[in-house]
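K.L.:
Chains B and W are the protein sequences, given in the same order.
One point on numbering: in my numbering, the residue at position 69 of the first sequence is 69, and numbering is uninterrupted.
Add 1000 to the 1-based position in the second sequence for my numbering, that's all there is to it.
Hints in this document: simulated from the structure, not taken from any laboratory.
Predicted, not measured: the structure shown is a model, and the values here were computed from it.
Just to be clear, a hint being listed does not mean it is correct.
Unchecked claim - Pulled a few chain W residues facing chain B out of the computed Cβ check, cut under 7 Å: (1) His1680; (2) Tyr1692; (3) Glu1709; (4) Asp1717.
Beta carbons are placed, not taken as given, at the ideal position from N, Cα and C, and that holds for glycine.
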Amino acid sequence: MPRLLRPETLSETLRALADGGDDTKLVAGGTAVMLMMRAGLLFPEQLVALEHVRELDYVAVEHDTVRLGALTSLRELERSAPLAAALPTLAGAVALVANHRVRGRATIGGCLCEADYASDPPAVLASLGARVRLKSLRGEREVPLTEFLVGYYETVLADDELLTEVVIPRPPRAARTTYLKYMSRSMEDRPCIGVAAYVGRDDSSRVGQVRVAVAGATATPFMLAEVTSMLDGALLEVDGCRAVGEAYQQAIEPLSDVRGSAAYKRRVTGRLVTRALEAALSSPRNGAFRL
Amino acid sequence: MTGKPDDGRTSVAVAAGAAVGQSVDVLEARSRVDGTIDFALNAEIPHMTHARLARSPYAHARILSIDVSAAEKLPGVVAVLTAADFERPDAPARHHGPVVRDQPVVCGTKVRFAGDPVAAVAAETEEIAAAALGLIEVVYDELPKVTTVEEALAGGAPLVHDRPPEARDRGYSDIKLAGAGGNICTRFQLRRGDVEAALAEAEVVVDRTYFSPAVQHVTMEPHVVLATYDGRKRELTVLSSTQGPFAVRDALSEMFGLPSSAVRVVVPPLGGGYGAKTYAKYEPITAALAWKAGRPVKLVLPRDEEFISITKHEATIRMRTGATRDGRLVARDVEVFFNGGAYADISPRLIKNGGYSCVGPYDIPHVRVDSYAVYTNLPPAGAYRGYGVSQAAWAYEQQMDELAELLGMDPVELRKRNLLTKGQDFATGETMHEAHWHQLLDKAAAAVEWSPDSKAARSAEGRLSGKGVAVILKSTITPSTAHAAVRLDADGAMQVFTSAVEMGQGAHTVLAQLAADAVGIPVERVHVTTPDTWYTPYDQTTSSSRTTRAMGGAVTKAARVVRERLRHLASELLEADSGDLVVADGLVSVAGVPSRSLSVAEVCYRTRTGSISGDGEVVTSGGLDPETGQGVASDHWHQGAASAEVEIDPATGKVYVRKLYAVAHAGRVINPKLARLQMHGSALFGMSHALYEELIYDNGVLTNPNLSEYSIVAMGDLPARLEVELLEEPGEAQIHGLGETVLPPVIAALGNAVANAAGVRVRRLPMTPERVLDAMEGT
Ligand SMILES: Cc1cc2nc3c(=O)[nH]c(=O)nc-3n(C[C@H](O)[C@H](O)[C@H](O)COP(=O)(O)OP(=O)(O)OC[C@H]3O[C@@H](n4cnc5c(N)ncnc54)[C@H](O)[C@@H]3O)c2cc1C
């Protein structure tokens, strides 16, 4: 059995990490890490349980940004009225993760650090242009989420670093966001394909920046900036949505898993990207939808 | 009514009463929820050790050597069991099996599936036992393997069993082993009329193949066994989460060469069984390890090993059905291949039931069925809720819709022209004494507002919608034997002694209700014992939807004996003929004169009676001729129907179940709430098999042995409308089991609804979005 530490403050945690080296594993909600240990995929010598570190448990909705403490549970995010008002698509997407038992334990920091390809929140956060703040005794850095996630279950976190906060710029009032979570099996499953769409807009009918992130198909949320950037300033219509969908379908190289073969995921990606953009443009309401 | 003479052993008819017909809550519901219930999982005894199993990574390999010396030296390891231990003169037998003794307790010469146990470790803690597994060195020589039926039956295929396995000395009378050879374990055949001639003359013939994959039971509670071997007394005590206490007792007594009285099997409440816990499973290896260790051994099977413990049979069914232009079925020819995996387990019975079930509840004059249990290098397949009927119904109820389409006929109408009616013979030649299929089908069709021109429609969101129906018959284990004893104590409380296993289905609650009414005491005063082969009377098995009928009948009869004795004792005290006495709510009174009454306690006190006992039994008979499949397949028949409404997203192929309806013939319902819950459970199992579940093997190795890769239905999947109905009879009526009845038709009804919506048929389960989309887009 690994040794268990239960720090109560951020600085104690950073100290434990600095002393611990690569045989130390953080446990936030434990929903991912405990499964890995049980499956024999992970044999840490020391566990640092974060449940008593209260200072990283918060939702702060500010004028320009929303900041989420890394140890905030998905359940709290889902139930936060300020978050639902500021970022309804994120709050809605979080509510579609697993089931309430898992969401009660799972934290947003754990979700991002786990870097599982079949996750919902990372794609939504990527489409919103989120950044993450990483801390160690050596110092602090802030990186875009898209650079934080680098591969299958792989991030840029160093052994002694802790993800402390997720920082999300607040979209302009007229911007449209949507998330489609498509599950090919049970409704409590991870996504087969998830599509997060962000359509920046001023008050005219022209669109600003467009970002579309696909979950479940590739190692990290799949985004085609060169395709969506072509839309910048355009009059986005049905044909445009379809063209983006087709471009995603052409470019994506999905992996096969129990939720669908690569060929199937490719087909579905194109259609759902189109559908997500159409929904973002036509739906009066920003939010996340289960398919 | 079965129409058979009452020889004192037949089942009983009961009427609604103070307890019967009431929705009594499951007696131990609260303790199941708050965690205080004593599952086998919670059992601890002094000096107990913990077991883990070393398993083969290969699907088929010769074992060149096994070296456990390093594992034995690990501090905390108490014993390591391998095949070598069975060479000791006092050793138990190394093979077991309910029908053929083909399953090694631990493998000696070769392994036959990825997961076959090669050694077992007992240690002071489970962690030490797990660590010891890593120190066991086994050298394998991999052999060519067969994992599919096709591979197994190909000419020159590698043999899973080099020699034909030995049949068990005392098998089951309904199981006839035939046709063994190569990788065929056994075959069942049914012959009626002249199929070839009838098919040649038939105006239309449909010929299709239908596939069901292997799936797992995923009981919440895993297999748990706690075994103690007392070498001095030569006694073996086993606490096990089994559905068949006596089947386990007999297997162990044969294996250890002990009289059955020297083997004691105790069964606490289970956290689900669904067939996975029928017959000996992990009792032999745990008991052998306890024998070797000289200390009690507890095995709790880890979840990933549950997935390789036992499965529902993968089945490939080729079915040809011939009919006249006006929709009369004339012939059916079926070849059924059940992939039995590496060991026979109960395949020889299941392939028989799954074989004749392919005829469905239809009157077909010419029938030929050949049903095979095929050995492959996969984990063994065995009993699974539905017992072969799910696979059969998946084939024949889809084929009925396909035939209807070919005939340009309404599929409900086609069925109605061919459904069996009361007094008609089934394909086995036995007469159907009860036949409710017309009514069941009508109800199922009405529930989805079926109309002959029900056509697929497109919803506002562009989804395709469709409806489907299915109707099935299912046998129950025949012959079968259930005994019970009842003891009314002087304080008016009652003990029901039964070996029926409570596994969450509410069996004990229902038995208490039946016992309470049969004597005339409040149900709260009845206690139902835990099965213990030393004390509770024999029962064949808690499976096959038989407990409420068979054990319920035995308990009712036992309780009626007690009531007679009670009335007899009271008659002198009340100065009345015992025939004029009624017992109700714990009071014995003179009929029509409620003031002349005595409580049970008073009767006992005044007659110096300590307790009043009685026993009862239900014993059925039957059997089929091995050449023709003619005879009596089932004491009575479970009858059910289902209908479904689905929507399909044409972009993804995903099936959304909007409505599920299921109906079963129930005769007398003992507990409406629990009956409905059984139906809900079956319906959701059906939905899960139809849409999600599939064990996926790569080179014979299971790739999805966890609940993240293996998907089962969850609360979020419940259709917006889930409706179940029970067909009851008035007055005194027979009890019909309903634990499985509507599982098979739900799968088939969903298949038909999907075909109705999509315009194409997916004959392979599960109907994943990808398969549906491929079918729709012709890729
Ligand atoms: C049954 C089930 C269903 C699921 N379904 C979905 C789904 O539908 N959609 C979806 O998106 N996800 C799903 N998940 C994944 C779930 O969201 C993640 O397991 C969860 O978010 C991880 O958070 P946690 O706090 O439990 O992480 P933990 O398990 O505690 O940690 C995960 C990893 O991150 C590290 N870590 C944790 N916190 C930090 C930190 N602050 N800084 C640095 N490293 C850290 C840990 O050391 C570990 O390596 C499901 C999980 C389960 C068990």
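K.L.:
Of the numbered hints stated earlier in the document, which are not met by this structure?
P.N.:
1
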